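Heads up: the sequence shown runs through residues 1 to 101, numbered per full-length UniProt numbering.
It cannot be assumed that every hint is accurate.
With a straight-line Cα cutoff of 27 Å, these simulated DSS-like cross-link-like pairs (lysine-lysine) come out [stated by the list, open to error]:
(1) 81 x 68
(2) 20 x 68
(3) 81 x 63
FRET-style restraints, in silico, Cβ to Cβ [to be verified]:
(4) 23 x 96: 28 to 36 Å
(5) 65 x 39: 13 to 21 Å
(6) 23 x 68: 23 to 31 Å
(7) 55 x 77: 18 to 26 Å
(8) 95 x 24: 35 to 43 Å
The hints are simulated quantities; they were obtained by calculation from the structure and are not laboratory data.
In this text, all values refer to a predicted model and were calculated from it rather than measured experimentally.
Quick reminder that beta carbons are idealized off the backbone N, C-alpha and C, glycines included.
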Amino acid sequence: MRKNRRRTVPQEQPEVKPSKLARAFDIPEGVFSDFSQISLSGNREAVIEGCGGILEYDSTLIKLSLNKMILQFTGRNLEIKCMTGESVIVQGFILGLQFLV
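Turn these sequences into a full structure, and let the hints steer you where they fit.
Have a look at this one:
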(Lines of atoms letter the chains of each structure in order from A and count residues from 1; the text may use other names and numbers.)
(Lines give C-alpha, C1' and ligand atoms only; values in the text may rest on other atoms or scores of the structure.)
Protein backbone atom coordinates (compact mmCIF):
# COMPACT_ATOMS: atom_id res chain seq x y z
CA MET A 1 0.00 0.00 0.00
CA ARG A 2 1.06 3.41 -0.81
CA LYS A 3 0.66 6.24 1.65
CA ASN A 4 -0.46 9.61 0.51
CA ARG A 5 2.19 12.01 1.57
CA ARG A 6 1.38 15.61 2.06
CA ARG A 7 3.98 17.98 0.94
CA THR A 8 4.20 21.03 3.05
CA VAL A 9 4.79 24.19 1.18
CA PRO A 10 6.76 26.70 3.20
CA GLN A 11 4.48 29.56 4.04
CA GLU A 12 5.69 33.09 3.69
CA GLN A 13 5.75 35.16 6.82
CA PRO A 14 3.03 37.77 6.77
CA GLU A 15 4.39 41.20 6.12
CA VAL A 16 4.30 43.40 9.20
CA LYS A 17 2.93 46.78 8.28
CA PRO A 18 4.63 49.85 9.74
CA SER A 19 1.41 50.98 11.42
CA LYS A 20 1.04 47.68 13.28
CA LEU A 21 4.66 47.77 14.33
CA ALA A 22 4.36 51.35 15.54
CA ARG A 23 1.26 50.52 17.59
CA ALA A 24 2.96 47.48 19.08
CA PHE A 25 5.90 49.54 20.29
CA ASP A 26 3.78 52.61 21.11
CA ILE A 27 5.75 54.97 18.88
CA PRO A 28 4.63 57.40 16.15
CA GLU A 29 3.79 55.73 12.83
CA GLY A 30 5.95 58.15 10.85
CA VAL A 31 9.12 56.64 12.29
CA PHE A 32 8.87 53.59 10.01
CA SER A 33 7.74 55.28 6.82
CA ASP A 34 9.51 57.30 4.15
CA PHE A 35 7.20 60.23 4.73
CA SER A 36 8.07 63.28 6.75
CA GLN A 37 5.70 64.56 9.39
CA ILE A 38 4.91 68.25 9.80
CA SER A 39 3.12 69.62 12.86
CA LEU A 40 1.98 73.25 12.74
CA SER A 41 1.12 75.36 15.77
CA GLY A 42 -0.86 78.15 14.17
CA ASN A 43 1.36 80.18 11.88
CA ARG A 44 4.11 80.64 14.48
CA GLU A 45 5.82 77.26 14.74
CA ALA A 46 6.38 74.12 12.66
CA VAL A 47 7.97 70.87 13.77
CA ILE A 48 9.31 68.80 10.88
CA GLU A 49 10.30 65.18 11.50
CA GLY A 50 12.21 63.35 8.78
CA CYS A 51 14.26 66.33 7.63
CA GLY A 52 17.39 65.59 5.62
CA GLY A 53 19.05 68.97 6.04
CA ILE A 54 18.92 72.72 5.52
CA LEU A 55 19.27 73.93 1.94
CA GLU A 56 18.67 77.65 2.43
CA TYR A 57 18.29 79.74 5.57
CA ASP A 58 17.25 83.38 5.77
CA SER A 59 14.93 85.41 8.00
CA THR A 60 12.30 85.39 5.22
CA LEU A 61 12.93 81.98 3.58
CA ILE A 62 13.88 78.52 4.84
CA LYS A 63 14.29 75.51 2.53
CA LEU A 64 14.56 72.04 4.03
CA SER A 65 15.43 68.80 2.27
CA LEU A 66 12.91 66.01 2.79
CA ASN A 67 13.09 62.51 1.30
CA LYS A 68 12.04 63.23 -2.28
CA MET A 69 11.11 66.90 -2.13
CA ILE A 70 11.99 70.28 -0.72
CA LEU A 71 9.89 72.03 1.90
CA GLN A 72 9.96 75.83 1.65
CA PHE A 73 8.79 78.22 4.37
CA THR A 74 8.26 81.90 3.64
CA GLY A 75 7.52 84.51 6.26
CA ARG A 76 9.02 87.08 8.60
CA ASN A 77 11.56 86.63 11.38
CA LEU A 78 11.94 82.94 10.53
CA GLU A 79 14.51 81.01 12.50
CA ILE A 80 15.47 77.44 13.16
CA LYS A 81 14.97 77.13 16.89
CA CYS A 82 16.21 73.56 17.24
CA MET A 83 17.69 70.89 15.00
CA THR A 84 18.32 67.30 16.02
CA GLY A 85 19.15 64.16 14.01
CA GLU A 86 16.08 64.21 11.78
CA SER A 87 13.83 66.91 13.20
CA VAL A 88 13.75 70.69 12.89
CA ILE A 89 11.69 73.36 14.65
CA VAL A 90 10.99 76.48 12.58
CA GLN A 91 9.65 79.53 14.41
CA GLY A 92 8.55 82.95 13.25
CA PHE A 93 5.60 84.44 11.37
CA ILE A 94 4.95 81.76 8.73
CA LEU A 95 3.19 83.18 5.67
CA GLY A 96 3.57 80.27 3.26
CA LEU A 97 4.49 76.62 3.04
CA GLN A 98 5.37 74.99 -0.30
CA PHE A 99 6.38 71.52 -1.40
CA LEU A 100 8.85 71.68 -4.28
CA VAL A 101 9.23 68.47 -6.27
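Cross-check of the supplied hints:
no. : hint                : result
1   : 81 x 68             : 24 Å, holds
2   : 20 x 68             : 25 Å, holds
3   : 81 x 63             : 14 Å, holds
4   : 23 x 96: 28 to 36 Å : 35 Å, holds
5   : 65 x 39: 13 to 21 Å : 18 Å, holds
6   : 23 x 68: 23 to 31 Å : 26 Å, holds
7   : 55 x 77: 18 to 26 Å : 20 Å, holds
8   : 95 x 24: 35 to 43 Å : 40 Å, holds
Every hint, counting from the list given before, is met by this structure.
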